[in-house]
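K.L.:
Protein chains in written order, with this note's numbering: chain A, 1 to 430; chain B, 431 to 633; chain C, 634 to 1410.
In case anyone wonders, no lab produced these hints; they're calculated from the structure.
Do not rely on the hints blindly, as some may be mistaken.
Straight-line distance between alpha carbons at most 25 Å, and here's what the computed DSS-like set of lysine-lysine pairs gives [said to hold, decoys possible]:
hint, chain 1, residue 1, chain 2, residue 2
1, A, Lys393, C, Lys1394
2, A, Lys205, C, Lys1032
3, A, Lys50, A, Lys227
4, C, Lys645, C, Lys878
5, B, Lys451, C, Lys878
6, A, Lys227, A, Lys119
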Amino acid sequence: MKETILLTKHMRENPEDSHLLKSYEKNGGYKGVKKVLKSGTPESVLEEIKSSNIRGRGGAGFPTGVKWGFLAEDQERYLVINADESEPGTFKDRILLERDPHQLIEGMIITCFAANISKAFIYIRGEYAKPARRVQSAVEQAYEKGYLGKNIFGSSMDLDIVVHLGAGAYICGEETALLNSLEGRRGEPRLKPPFFPAVKGLYNKPTLVNNVETISSVPWIMNNSGKDYASLGVEGSTGTRIFSLSGHINNPGNYEIEMGSSFGEFVESLGKGVRNEKSIKAYIPGGASAPWLRGDQLDVKMTIDDVANEGSMLGSGAVVMMDEDTNLLFAAKSLVSFFAHESCGQCTPCREGTTWLENILDRIASGRGRASDIDLLLDVCDNISPGLTWPPKMTTICPLGPSATASIVSLMKDFRSEVEVLLPKKVVVS
Amino acid sequence: MTWENARIDKAKEIIEMYPQKRSALGPLLYLAQDKDGYISDDSIVEISRLIGITEVQVQSVASFYSMYKQEPTGKYLLSVCKSISCEISNSSNVIQKVKEFTNLSNNETDDEGLFTYESVECIGACGGAPAIQVNYETVEGLTPEKAVDLCKWLKEEQPKVVVADELQLKFGGTKSFDWAIEDNTGSSSPVPGFQTYEMQEEI
Amino acid sequence: MTEKITFTVDGKTLEGKQGQLLIEACEDSGIHIPRFCWHKRLDPVGMCRMCLVEIETPRGKALVPSCTTQVTDELIVETESNTVKKAQEGVLEFLLINHPLDCPICDKAGECPLQDQTMAYGPGESRFIEEKRHFEKPIPISDIVLLDRERCILCARCTRFSDEISGDPLIEFIQRGNKTQVNTFPDEPFKSYFSGNTVQICPVGALTATSYRFKARPWDLKKVSSTCNCCSLGCSVELNVSQNKMLRILGEDNEFTNQGWLSDKGRYNFEYLHSDNRLTNIKLKDNNSFVDANISEATEKLKNKIEELHNPDIKFLIGANSTNEEYFVINKFANLMNRNEFLSKDKSNVYFADDNMFSGYFGENHQNASFEDLDSSDVIVVWSEDIKDNIPVLFLRIKKAVKNGVKLVVLGHTNSSLESLADLYLGQDVISNNFELKTNLGNIKEFQNIIENKKVTIIVGKSTPLQQKKYLDNLVDHIQKYSQAKFLNCFTKANTFGALQHIDQIKGLNEFCNEYEESNKNIVFTIGANPVNASFFGSKIENILKKADFVVSLDIFINATTELADLILPTTSFGEKEGTVTNMEMRVLKQNKILPGPGSALSEWEYLTMISKSLDKEIKYENVDEINKALCDEYENNEELPSFENLNKPSNLFGMKNRKNIDINIKDLEKNDLSILMVKRLYGDSSTQINSPSISMLGSERFIELNSKTLEKFGISSKTANLIQDQHSIFVNIKINNLLPDNIVLAPINRRGFKNLDPTKDFDIREATNMKELSVN
Ligand SMILES: Cc1cc2nc3c(=O)[nH]c(=O)nc-3n(C[C@H](O)[C@H](O)[C@H](O)COP(=O)(O)O)c2cc1C
Ligand code: SF4
Ligand code: SF4
Ligand code: FES
Ligand code: FES
């Protein structure tokens, strides 16, 4: 199995200076946007994006062309790049920001051209200081060159980009929470409907929110074609995707591949196998929110649909491998406490439930478990996510709360005995 | 007025970047933290005037985000990741050693005001787990020993600017990806080293 | 929006309106869905998740909050399925795991939605064995509100109210997730005119009122509906009494008026009823001190006095706190006592104690507006006294209208609190320091654009007694010329409109001073009026009352006015009497009695009938029902009558046209330049307030407001100074208000120390240098 290098091409070929405008341009950068501005129309760009069948890379996998098509008419519209990447296991946007910021900027200019937008924001998580510096200086270079600002590239188009830093709140990755945050409010997800910020977004104006990787793919699509892009990968999961591989792996990292190979192949060929030649006990196929798959499920194909069929999701593209020695109770505890810490606190079940789950797991881990705790854990999960199915049913505003149940349900479904041994036996009174 | 004129000017500049004033709240909170190492009540009052919202509205937003500190922090904010990839890569050992060396528990600052310790959620360095940030500058591929070396070095050298690439070279190991060329930018206070929000060097 | 649709709930077909929230549509059909965060007057937030129901969607059944889901045609809803029940039980359990078990000492117990719903829907025993969240037990977040964060269930009702409804977001969520708590900023307490509403709508005992703390249990309370008398809005209230003590006043949701809300003054201004300072006995002055007397001694004394003085001139100074029934009797009595026997139109002997009263805009040419018109008009134009301070809930109604898209134009220098809501604020560029229009309104393009050909509601009144009416006329005529206008005459005091409806002709305090002739023999009645205090005419009236041959005061306290009386008759007050009142939109509302009066206090009408009897005059009423009937008899035949019978019906809230032509005989004061703009603040030194301990401190701050340019002229740099005029010197806090015009200060006339200032004379502001100057004049 080999990588298919589209988005990571420039950074790989020009490691010393891929983040500089000079280098980007020398290697064919900003060609696509120039072409579009000269001879393209918004409709033609939208057509290409639609025909590429690219789906959002932020986790929800919504078809990007369709989303752009929803954008309501208004004088004032915005583009917001979601660079809040905070889901444990995920670090793919970081490399795109740090190593090839101009690719993102070019993608943004094309997007704004297609959507008639003149103000855009890049919302970068606060912990990404170095990536943010790189993006900021790229933006400044682009302004100097006249690629941003008024009449960019000598055309009639204006575009301003503001780089905005988050401040430590995973929930701000959820697009409506992100918009609240960008408005200077608490990062609390908004009520749905309206289902899309494309109708009512930043300052209640129509707003496109897209992931870094999604928009970084746009220049390639315009330089080539939607069809070319669609010919890569498999139906429903076209093009390439950057997967972040971590855990007990010899060669962790970001890999750009076409979707369709199995997790096993991925781990063996690109990840260079499991560390210390151990076997995999369980793995997370798509970020901390995703239910786990077992080590004997490594032949599952890395496509949105195949993973969904196994009751999990490809999500943010973070693959975390856990070897045979992993203490899965501690793994689950780490995941649950992540969600408890990151709950915004609006919904009662998420605010109270996730912390309760964390407390119970803590208790079990420190030897103070009770015989009834497994039932209790599952019932509390059920009150956050009724039926414990995936994709989850929700008693909450956003999927964060239900996501916290994924690891517990996985643990109890496939590795229950690891927990049971820690609990006192049920006393049966006869 | 508790803010220097230069800081107020910078705040006004930032406000100008946004279609609505309130959007500048987050950046202004960083300016506040850059000044005092945390969000002081005085700064809250200052910001509420600059933006035109009430003090408690500022506080409500500030306290929502974990990077805005509500208590004074030390010169170096040590943030060790405890999320899943780090957890299964023995971050708990790193955490233990760093706590021992600094003699701090979670969210504590030492009396000299040198270190603040915190365990944090994923910092996007999972491929190089376990990982730490010093004033939001990332070091990947840590070992417990290297982590202690890092703290010792900070204590002895007390660098004015913390630079990720420098720390990585000295104390880091496996990285999430190739960082390519060395970069000498960094952070000068416990806020992200991002020019727009930082002015330690200017003042 | 009003399109009718049908939907199914638990197998029953119901009717609803397109766009209506499911929880509301169900409620309308008698199906109650449990809820904590939803409140019909607040925007839904869908936070507590208690109201989850199942609906059918193309992708199967889904749990959705009924408070954020709109009904659509043919929607199928289940509110009692197992999934719904399990989810609701789950939410309750989640809420209870951190809720303290202190119901036995909680003010809310017995009327607590959380307690009630736990009984109805909750799980049995607790499975939560960890430590609960702990916070410091109740912390005061203002002088009148306490916050117990342990009890809070984070429903955001209080925060939404402060942000959306009252527009002073001083209470907010702090922290996030499981650490979330409600709080205020340390240096900025919950200083809102409307804070008590959050106490009322808090679904648990997290927000409580200091005045009610540990006072009673809900099951011990006797309750009656009534109408607040703190201003002319006429908020519907519920009076809660235990053992003949008023313990609490709650807002009732009257769609037409207050929509559930009250100002803190309306809510907490009741402790005076039981004050030791209340007048309980008749007092006769004897050598400069008062001695107790009985009613026959009192009537005898008065009768003798009238005879002794040989046809004296008898004048009536009346206040705004009487009921319509009382005004009806006052009118009859005053007519009997009028030695001019009401020969001509100008000979009324009844003077209304409100400085800013003027002839207003009534009658055929000026269509009266109701509060509903605020919502349905295109534009609201305000030129009046400060609305927020004088008719606080009207401020809420205006804010609501503006939020829903109605445009707002504000004129003058008194309504700074409306500026942030206004589309157009016309201050010193357009209006002089003497409240004159400087330009023709037609020349103001923005103004013209906003009002032309629109439905306009005008809230209009004098901002200061020195204002000349012709400028208000200019505004009114201009708007009437270019648009469709309706009027709310901005008379702010309690039952002013009841007085206007029932007194044949009303005059003002200026007329009182001018018509008083020292050479005559004079008797003055003051009825619930205290014009010596907090009035532009205060010192003149004080002099008159001192010289008058005999002064009779009907009142509830000894105050600056009544202490000058020769005979004081203690009267009943709010909650101690039954009657009707008329609010500023001319809506008649009922006040009810739930308390006995103190000591030998009687109603005003009772004294007046007794006096007339002793004078062999023919006012004879046995009870207030009779007066109400008599009053109704004067209505035209087929009008809806404001009879007790009608008003006691559940749908008791009708408005009505003017009963007869309102006759206000008040002329402008002579033109004079203003240097001090005297305004009334919500909290001040009224007898009722200073005798209500919970709120008495709220009106104690002495301050002035002025713009920074004016302040600069005086070279003051500190936040305090002395305001000096002649021999008066007042130590004041200085507040910058750049909406004020140059060279003028704004000062609160109803705060202690200010009443002797002359608004037309120059003033000085000096640094407060030594302690001597700190003392109040
Ligand atoms: C709890 C939560 C966290 C999320 N975090 C991120 C994130 O860090 N980055 C991101 O791009 N999308 C994130 N998303 C998805 C966004 O809501 C949104 O779908 C995405 O930004 C849309 O961009 P795309 O269509 O390009 O994927 C998150 C969603 C949820 C519910
Ligand atoms: S599910 Fe959790 S994170 Fe999402 S809105 Fe509700 S409380 Fe906030
Ligand atoms: S204090 Fe009361 S009203 Fe406010 S959020 Fe808490 S429970 Fe709700
Ligand atoms: S899990 Fe530690 S950096 Fe991501
Ligand atoms: S009442 Fe609907 S979520 Fe609270």
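K.L.:
Flag every earlier hint the structure violates by its number, smallest first.
P.N.:
Of the numbered hints given earlier, those the structure breaks are 1, 4, 5 and 6, listed in rising order.
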